[in-house]
Structure formats: C-alpha cells, structure tokens
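Fit chain B to the given chain A structure using the hints.
Number of protein chains: 2
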Amino acid sequence: MNLYQKKIVILISGGLDSSTVLGIAKTKGAIINGLSFDYGQRHKKELIAAKNIASHFAINDLKVIKLDLSLWGGSSLTDTRKKIPLNGSKANEIPNTYVPGRNTIFIATALSYAEAINADLIGLGVNALDYSGYPDCRPDYIKQFQKLATLSNRRGRENNPIKLWTPLINLNKIEIFELAYKNQVPIEQTWSCYSGGAQPCGACDSCRIRIHAFNQWMQLEKSS
Amino acid sequence: MNLYQKKIVILISGGLDSSTVLGIAKTKGAIINGLSFDYGQRHKKELIAAKNIASHFAINDLKVIKLDLSLWGGSSLTDTRKKIPLNGSKANEIPNTYVPGRNTIFIATALSYAEAINADLIGLGVNALDYSGYPDCRPDYIKQFQKLATLSNRRGRENNPIKLWTPLINLNKIEIFELAYKNQVPIEQTWSCYSGGAQPCGACDSCRIRIHAFNQWMQLEKSS
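Listed in order, the protein sequences are those of chains A and B.
Each residue of the first sequence is one higher than the one before, counting from 1 in the numbering used here.
Each residue of the second sequence is one higher than the one before, counting from 1 in the numbering used here.
Mixed in with the good hints, there may be bad ones.
Said to hold, decoys possible - Keeping only pairs whose Cα atoms sit at most 30 Å apart, straight-line, the calculated DSSO-like set for lysine-lysine is: (1) LYS45/A <-> LYS66/B; (2) LYS66/B <-> LYS163/A; (3) LYS66/A <-> LYS163/B; (4) LYS66/B <-> LYS82/A; (5) LYS90/A <-> LYS163/B; (6) LYS147/A <-> LYS66/B; (7) LYS163/B <-> LYS63/B; (8) LYS63/A <-> LYS222/B; (9) LYS66/B <-> LYS44/B; (10) LYS44/B <-> LYS143/A; (11) LYS63/A <-> LYS83/B; (12) LYS66/A <-> LYS82/B.
Keep in mind that the hints were calculated from the coordinates and are not lab data.
With the rest of the complex left out, here is chain A:
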C-alpha cells in the first residue's frame, strides 16, 4: 500500500507487532499519529516502551488515552486476582489474557481520532499467531470492522472511508521479526511480557511466543 505522505493513526502497545507496523509506515513515508491505552493493564510498563518506540521513530504525535477496564475486569490482564498462565494455554481455548472487548474499544477510539484529524488509515498490529487464541484478531473480525467503520462516520458517507491497515495479519512471528529488523525497529526496546514485572517473565504466552520465534529467526539469519 502506498503510504507516502498519508496521514495514519497507529495503535501502539509497545510490543513487537505494533512497533513493526510503525516501522513499516515510517519506511513508507507516512505521517504517523500514535495512540496508546492506559487501560488498567497489569503490564502498564508497555506504555514506557510505546513512548520510547514513538520517540525512536520521531512520529508526529502520540496520544495516551486513559480508560479503566479494571472496573469490570474479566481478564487476567485487568484483574490481578486472576493468574497469568505460565505453562502455555490449551489449544482451541481462549486464554484468560483475552480482555473482553479490548480490540473493539481500541479500534473504535482510533476511528474517533482518525476522523477528528482527518487521517486516511488506521494501522493495526493484529496477526495470524493471535488468530488461534483471541477472537478479535481474526481476519473476519477486521473485515467486519471495516464495514462498520465505513457506515459509522462522515468519511464513509462521503465515499472516502477510513481504511483499516493490517500488514501483519497473515504473517507469523518469525516473519514479523524479519520485518521489524528490516524497518529499523529497536527490537530490544519493545515490551511483550504480560506479567507486569521489572523484567520479562519468560513464561507467559506472550514471552514464550516471542522467545521461540526470536531464536528461530536468529538461526535463519545465521544460516543465510
């Protein structure tokens, strides 16, 4: 997609995926407005990473929205009484790190921001690996949200809808590491761990997927 001088809102969590979307958009010459959420997450530390990555890429602006989803919890990320799974999640089951409605709220808020500043696109780091676990990361979900986005606002009515851009949706984590590297993402500054400690726990699903893919990617790099 041609992003040169296009205005884009990117959801920036501070993790590898959204940082990679940011890196690709920067390489393509987009005008980037970031959006992060202080939503009552256990791993609030990711917001420091989000600011660092935004600063690294010298983006146009970064808004941090406060929205306290711990008011009703429903996830181990927003309710500290629930334990983060540290031995891998069961296949075909939605893990308890799934936060009810989170992506729908985040994309809706990005849509508000994009319409207000007249941006053309919303960049999202959703990807195929998340597909197995979280219902709100699937390609079908994104397609449906695009239809809603088009119907919901002034831009859609003017036949110039705001587009959801998901460049990682069909990639696995190894391919994402490769893209991150190619697009100057400071991988060491990104933060993926769910556990909320000072250092990554190495055991939560997010850490396990990241470490496994990183090791595989390094091997591929060495052998190429």
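What follows is chain B alone, placed relative to chain A:
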C-alpha cells in the same frame, strides 16, 4: 422481547431516550447494569441526571467510565472553541454536535462490560429522529455492529451472542415521550441540552426537538 430476569447493560446518558430504555427494561423485570461516560463533554451535567435516573429505578449497578475525547475534539460537544448551533441544523448535513466515533466507542465499551459480567443484552436509546443527522444512529449501523459483536467475543464463539436491543429505533420523539410516561420515567429529571449551562438553553437541536415533541405530546394527551 422477554427481558424478565435477563441481565442487561444499558448505556445511560441522562437524556430522555436512554432513560426510556431503562424504564422499559425495568417494567419488563430485567437485571440492569448501567454504563455512563465522562468523555470530556461540554454538558457534563448530564451525568448528574444519569445518576439520578439510575437511582430512581434502583438499578443493580452504574459504572461511569472516564475517556477524554476532548484530546482530539472534532465536535462542538468536545471542543469549546466550536459553537453549538442554536438556530437549527441544515437538512442532510451532519451537525457539528456529532462526535467522531462516539457511539462506536460507547457500544464497544458496553460490549466489554457485558461480556465481563455475562450479560445477555445491551440496551441503546438510538432512535429514528437521530437518523437524519448522525450516521452512527442508523438501523444499518446497528445491524452491522451486531455482526461485529457476534464475531468479536467468546459469547459469539459459543453461539450465544450478546444482543443489541434498540426498542426506540423506529419511534419518533412524541412516541418516546409516551413510552417514558408509561414506564414511570421521571421526565423532569432527564437532561437533553447540549449547551452545558445551569438551565437548558432551549435553542440547541436537542432542546428544540425535545420541546417541540413535548408540546405535541401534551396536546395529544389533552385531546385523548
């Protein structure tokens, strides 16, 4: 719809429409959890009305979510530099009181709350009169959101989707006054004015529609 002992999340703005949805749900014997938004609106006074109405109907719980949409404005309700139209809005034009993405964010957040507490329904006061002005109050928009809601979460995956319930969608304001009256809504405690003063301005679109409909309804009541 049979709501007896059904758990429902209702978006409560403090205005006539959402208060009427609340009244209907109460009459039908639903278990009601209210959700209001402190979103940087000029007429923050509506939140006092929301609390009063919730208290009048002795609902199960009322959550007030803070989410500052004035960070990017884009509406006369969230940016005080823009003036509220006081002489009526032009036909076929979206008035500047439209808040980008507001309904999408509100319904998404209600979906998060409903999933976390395992509610069956989300009650919304959108109606046909709003249809002319705001793109995110149209029946098509609600239908599309239902599809997204079903795809987005655990409940949809279990073939037990959370339903969007919009009992006022095809009614006009006079019919809504009648329903409010029949369902013991304390109409005098509801707040519709956009202007943010101590008393309703009587001139903004919301006041004008309300006053006009109220007068017509009173005449119908007298003649019946």
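Against the structure, the hints:
The suggested pairing of LYS45/A with LYS66/B holds, with an alpha-carbon distance near 21 Å, which does not exceed 30 Å. Annotation: proposed proximity of LYS66/B to LYS163/A holds, straight-line Cα distance about 27 Å (limit 30 Å). Between LYS66/A and LYS163/B, the direct Cα distance comes to roughly 27 Å. Compliance with the 30 Å bound is thereby established for this hinted pair. Proposed proximity of LYS66/B and LYS82/A is supported: the alpha carbons are some 24 Å apart, at most 30 Å.
About 28 Å separates the Cα atoms of LYS90/A and LYS163/B, which keeps this hinted pair within 30 Å; it holds. For the suggested pair LYS147/A and LYS66/B, the alpha carbons sit about 27 Å apart, so the restraint of at most 30 Å is met. Between LYS163/B and LYS63/B the alpha-carbon distance is near 20 Å, which keeps this suggested pair within the 30 Å criterion. Between the alpha carbons of LYS63/A and LYS222/B the distance comes to roughly 54 Å, so the proposed pair goes past 30 Å and is violated.
Our distance criterion of 30 Å between C-alpha atoms is met by LYS66/B and LYS44/B, whose separation comes to about 11 Å. Between LYS44/B and LYS143/A the alpha-carbon distance is near 35 Å, which puts this suggested pair outside the 30 Å criterion. At most 30 Å may separate the alpha-carbon atoms for a hinted pair to count; LYS63/A and LYS83/B meet this at roughly 25 Å. The hinted pair formed by LYS66/A and LYS82/B meets the criterion: a straight-line CA distance of about 24 Å does not exceed 30 Å.
Figure legend: structure checked against the earlier numbered hints; hints not met, in rising order: 8, 10.
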